[in-house]
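Enquirer: With the numbering used here applied, the sequence shown corresponds to residues 598 to 923, in that order.
Read the hints as simulated data drawn from the structure, not as lab findings.
Using N, Cα and C, we set each Cβ at its ideal position, and we do this for glycine too.
A couple of the hints might just be wrong.
Straight-line distance between alpha carbons at most 30 Å, and here's what the computed BS3-like set of lysine-lysine pairs gives [what the hints assert, rightly or not]:
1) K917 x K873
2) K842 x K738
3) K917 x K883
4) K725 x K768
5) K768 x K738
6) K819 x K738
7) K923 x K883
8) K725 x K758
9) K725 x K842
10) K768 x K736
11) K883 x K842
12) K819 x K842
13) K873 x K923
14) K923 x K655
15) K819 x K725
16) K758 x K768
17) K758 x K703
18) K738 x K758
19) K725 x K736
20) K917 x K655
21) K758 x K736
22) K819 x K768
23) K883 x K655
24) K819 x K736
25) K819 x K758
26) K873 x K883
27) K655 x K873
28) K736 x K842
29) K738 x K725
Derived CB-CB ranges, DEER-like [claimed, not checked]:
30) S726 x L922: 44 to 54 Å
31) N902 x S765: 36 to 46 Å
32) K758 x H846: 20 to 30 Å
33) E877 x Q707: 24 to 34 Å
34) P910 x L785: 45 to 55 Å
35) G696 x N902: 13 to 23 Å
36) R860 x N728: 42 to 52 Å
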Amino acid sequence: MCKVKTKFTVTLFFLVMLFVFITPLRSNANMRINIATATTGGSYYPGGIALAQLWSEKDVANASASTSSGSVENVSLLMGNEANVVACQSNILQYAYEGIETYQGKPHPQLRILSPNFSQPYQFVVKKSSNLESISGWKGKRIVVGRVGSGTFVTHERIFKVFGINISDIKANNIGQSEGIDAIRNGLADAAICIGIVPLAPISDALAAPGSDVTIYSLNEKEIQSILEQNVWMSPMTIPAGSYKGLDHDVETIGHVGFWIVRDDFPEDVAYNLVKAMHENADWLKTAYSGYDNPSFLQPATVINRMPVPVHPGALRYYKEVGLLK
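Kindly produce the complete structure, drawing on both the sequences and the hints.
Expert: Next up, the structure:
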């Protein structure tokens with residue numbers, strides 16, 4: 598009888614230990630991750646779709662991606678627990694964390710970086726026949742500025758401010774990038790600043806169309822310097838010749854880096870596993886969405902170290918383990 602009791606006790610002990618070790622794994626895999634991205638015409642949406650597929654297939658989490666108006670709305674979704682991983686461009690992230698500019702007096706110290714995602718060149722798409730030869734000439738024109746509450750809208754405001762233009766000085770169209778390119782193609786708009794990985798599909802389609810009246814404006818050196826002097830979170834970038842059909846010259850522009858962000862109360866072990874899955878399957882991600890083939894994501898130290906926002910402890914632990922951060 599004693600022997601049977603001992604065997605039962607040992608068996609029960611191992612079952613309990615098995616439950617203890619397996620339960621966290623199951624809870625991580627079953628955690629619902631709602632990724633808020635942006636409109637379908639940019640980089641965040643396809644990048645988010647790829648992430649959701651990866652995390653779900655690797656049993657890291659039960660993930661899905663949804664559209665939004667962009668970075669500003671995403672911060673609200675994150676703070677309101679309507680999403681727990683969101684895309685956010687560098688300036689909006691800094692503004693929200695520090696409580697400046699758009700978030701004047703309303704800091705969000707709970708924000709944490711999970712991972713950089715994409716370098717985002719600004720593509721100044723214009724209607725050729727509009728004869729827009731400088732940004733200052735956009736005053737009074739029909740400009741697609743993005744949806745109110747998007748990082749794209751804020752970016753337009755910041756760039757226009759450099760050249761003494763207010764939103765009220767233009768005929769603003771508050772639609773997404775994809776719809777905006779269609780509006781330019783159809784003669785309903787004169788220009789738009791599209792943010793995202795080159796090539797952006799709507800721009801590719803527009804430039805490749807027979808008899809296209811659409812092109813990408815190349816900023817001159819004075820315009821670039823003026824913008825960068827007032828917006829330190831932006832960087833000079835080049836769109837190489839051949840990136841789009843008919844683009845036979847380099848296009849000089851500026852841009853920013855985007856991030857996947859979470860809140861400080863996001864589970865540490867889940868954050869660790871999410872970032873681990875991303876980097877251990879970087880080749881898969883690059884195949885799923887080519888935007889991941891960029892140094893901001895693959896070698897995150899430079900862009901992370903320039904940001905005032907802390908890295909989430911779970912992500913930081915992984916980065917340090919593999920030598921991506923010191």
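Enquirer: Does each hint hold? Answer for all of them.
Expert: Cross-check of the supplied hints:
no. : hint                    : in the structure
1   : K917 x K873             : holds, 11 Å
2   : K842 x K738             : holds, 26 Å
3   : K917 x K883             : holds, 23 Å
4   : K725 x K768             : holds, 18 Å
5   : K768 x K738             : holds, 6 Å
6   : K819 x K738             : holds, 22 Å
7   : K923 x K883             : holds, 25 Å
8   : K725 x K758             : holds, 24 Å
9   : K725 x K842             : holds, 15 Å
10  : K768 x K736             : holds, 8 Å
11  : K883 x K842             : holds, 22 Å
12  : K819 x K842             : holds, 27 Å
13  : K873 x K923             : holds, 16 Å
14  : K923 x K655             : holds, 27 Å
15  : K819 x K725             : holds, 22 Å
16  : K758 x K768             : holds, 16 Å
17  : K758 x K703             : holds, 22 Å
18  : K738 x K758             : holds, 16 Å
19  : K725 x K736             : holds, 16 Å
20  : K917 x K655             : holds, 22 Å
21  : K758 x K736             : holds, 11 Å
22  : K819 x K768             : holds, 25 Å
23  : K883 x K655             : holds, 16 Å
24  : K819 x K736             : holds, 18 Å
25  : K819 x K758             : holds, 15 Å
26  : K873 x K883             : holds, 15 Å
27  : K655 x K873             : holds, 11 Å
28  : K736 x K842             : holds, 29 Å
29  : K738 x K725             : holds, 13 Å
30  : S726 x L922: 44 to 54 Å : holds, 49 Å
31  : N902 x S765: 36 to 46 Å : holds, 38 Å
32  : K758 x H846: 20 to 30 Å : holds, 28 Å
33  : E877 x Q707: 24 to 34 Å : holds, 28 Å
34  : P910 x L785: 45 to 55 Å : holds, 48 Å
35  : G696 x N902: 13 to 23 Å : holds, 22 Å
36  : R860 x N728: 42 to 52 Å : holds, 47 Å
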